[in-house]
Amino acid sequence: MSAMSFILVILVSLVCGMASVMDERQFHRPIVACTLVGLVLGDLHTGIILGGSLELIALGWMNVGAAMAPDAALASTISSIIVIVGHQSIGEGIAIAVPLAAAGQVLTIFVRTIAVFFQHQADHFAANANFRGIEWCHIGALFLQGLRVAIPTGAVAAVAGTSIVNNWLDAIPPVITHGLQVSGGFIVVVGYAMVINMMKARSLMPFFFIGFTLATFVTGINLVGLGILGACAAVVYVQLNPDFHDSIKMPAAAVNTVSDDDDVLG
Amino acid sequence: MSETREVRKVESLTKKDFINTYFRSTFLLGSFNFERMQAIGFCVTMMPAIKRFYHKKEDQAAALKRHLEFFNTTPWPASAIFGVTAAMEQKRAEGGDIDEAAITNVKIGLMGPLAGIGDPIYWGTARPILAALGASLAMSGSILGPLLFFFGINIIRMLTRWYGFKVGYNQGTDIVQDVAGNRLKKLTQMASVLGLFVMGSLVSKWTSIKMPLVLVSYKQAGHLINTSLQNILDSLLPGLVALLMTFACMWLLKRKVNAIWIIFGMFVVGILGYWCGLFGL
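Protein sequence lines correspond, in order, to chains A and B.
Residues in the first sequence are numbered consecutively from 1, following this note's numbering.
Residues in the second sequence are numbered consecutively from 1, following this note's numbering.
Because the hints were derived from the structure by calculation, they are not lab data.
Built from N, CA and C at the ideal position, the CB exists for glycine as well.
One should not assume that every hint holds.
Said to hold, decoys possible - Restricting the straight-line Cα-Cα distance to at most 25 Å, the calculated cross-link-like pairs of lysine-lysine (BS3-like) are:
1) B:K185 - A:K200
2) B:K256 - B:K219
3) A:K200 - B:K16
What the hints assert, rightly or not - Distance windows between CB atoms, simulated:
4) A:I228 - B:L281: 32 to 38 Å
5) B:I108 - A:V64: 15 to 21 Å
6) B:L187 - A:F110: 36 to 42 Å
Claimed, not checked - Simulated coverage check for chain A against chain B, where a stretch passes if three residues somewhere in it have a Cβ under 8 Å from a Cβ of chain B:
7) 48–55
8) 80–89
9) 155–168
10) 192–199
11) 205–211
The following block holds chain A by itself, in its conformation from the complex (with noise of 0.2 Å):
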């Protein structure tokens, strides 16, 4: 690896580890962060290829509430440099990911335990009103959780391609790369379970099996024809159903007028 390729894969995990905690730009998504990895090393397709195939793993993976996800970021940064510079399968790449993304998530634990510091500064900052200070520990924290993914892939990236890590990665036996790819297959129904189960919707699911059995005995059908019937579905839901007929609740609501005057902030 080039000198100007190391230094532009730090770079790339450096923006991916900050947008991992922000999750405002979606760097971190491995669709996203592959293919910067693979454009920075000089093989575009193949990041592409690993990113969207890392992608559909990583769909379901989502901050919600204090939960936090497994750190896509990391997983997708290094396995990047483990397929393109090590000469690895994408079924490998996927099978190295995702530890790392367990990996990543302990850091993003630990960074984020850190940041508590950072919180108790910036009281500090608020009490004499330095807005200043306020931003500066904003800042720090956020460069933590950069450097969180940037120091493990420049670690990776210094020591992927030798001969002794290649033979290491060559020795797993093929049982076990064949297995992996066999459950590449499947990991990706945790992702759709993540998705089902925040949604909280229970007597929504006959859209669900609506949704499986139309893909599967209409042949043909893509992913943009069904998003369309999801769509009408959903239009033709809202229309009909009766918790949203102003009209018909009217007898109620006026049964009810003082109840419904009350301040809703209270």
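Since the structure of chain A is already known, use the hints to place chain B on it.
Then chain B, alone, in the frame of chain A:
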């Protein structure tokens, strides 16, 4: 309005403040910590408004302190809360009848309902659908996949943030009725229907499970006919195994099993299944 307070005229937020606040809001979770979560990010986002409305140092310090309290919600629609908070701060600076507790209460009160709307719409529907669409293109090596996902999701995000703040600021506390009202509930339900529909189709379309284990084999007209487990399952319902696996994962997740452990478990199932011939490539 109470007579004891003097009513001051306070400048409204300028276009520049809007842009400044928007930019800061995109870093909301930067210093996420386990004590007060998005608190510093909230405070940093409110800074342009605080500087615009308060000029005395002690007023500014009090406002900064107020916005370093616990805060946590879905990041993008949080901009609506910034808007409402800015509107309330302006009223307070003008000498309006708004105390510190009222501002905090509105913030805390909006956090939960907004996450209830935001999580299904953005994390449950918009992002997975765009990601699935992008990934299907990307897996054939097309650069369109990443581009579609990246620009699609970011346009949604930017619009949410910009208009969320604008609507929140202009409507002020009136927005509370909107959040509780039917319009947003409708939107959430629509997102959930679409999200579940697409999830259902993905379970069928984007899983590949092959079970070549031969259960019955017999000779017919000199040909050896093998009936594998896959043949039987396919004649019953293709995708059945994926469906059952999805339900198993949902069940485990509901029991607070960490997703990473479930994924590792899947790897073990895959390796053992391949080793004993149950699963095939």
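Consistency of the hints with the structure:
Of the supplied pair hints, the one linking K185 (chain B) and K200 (chain A) holds, its CA atoms being roughly 14 Å apart against a limit of 25 Å. Our distance criterion of 25 Å between C-alpha atoms is broken by K256 (chain B) and K219 (chain B), whose separation comes to about 50 Å. Annotation: proposed proximity of K200 (chain A) to K16 (chain B) is violated, straight-line Cα distance about 40 Å (limit 25 Å). The given range of 32 to 38 Å is respected by I228 (chain A) and L281 (chain B), whose C-beta atoms sit roughly 33 Å from each other.
Taken as a hint, the range 15 to 21 Å holds for the pair I108 (chain B) and V64 (chain A), whose Cβ atoms sit roughly 18 Å apart. Between L187 (chain B) and F110 (chain A) the CB atoms are about 37 Å apart, so this pair conforms to the stated range of 36 to 42 Å. Counting residues of the stretch 48–55 of chain A whose C-beta sits closer than 8 Å to any C-beta of chain B gives 6, which meets the bar of three, so the coverage hint holds. Counting residues of the stretch 80–89 of chain A whose beta carbon lies closer than 8 Å to any beta carbon of chain B gives 0, which falls below the threshold of three, so the coverage claim is violated.
Look at the stretch 155–168 of chain A against chain B: 0 of its residues bring a Cβ nearer than 8 Å to a Cβ of that chain, fewer than three, so the hint is violated. Only residues whose C-beta sits within less than 8 Å of a C-beta in chain B count toward coverage, and the stretch 192–199 of chain A has 8 of them, enough to reach three; the restraint holds. Only residues whose beta carbon comes within less than 8 Å of a beta carbon in chain B count, and the stretch 205–211 of chain A has 6; three or more means the coverage holds.
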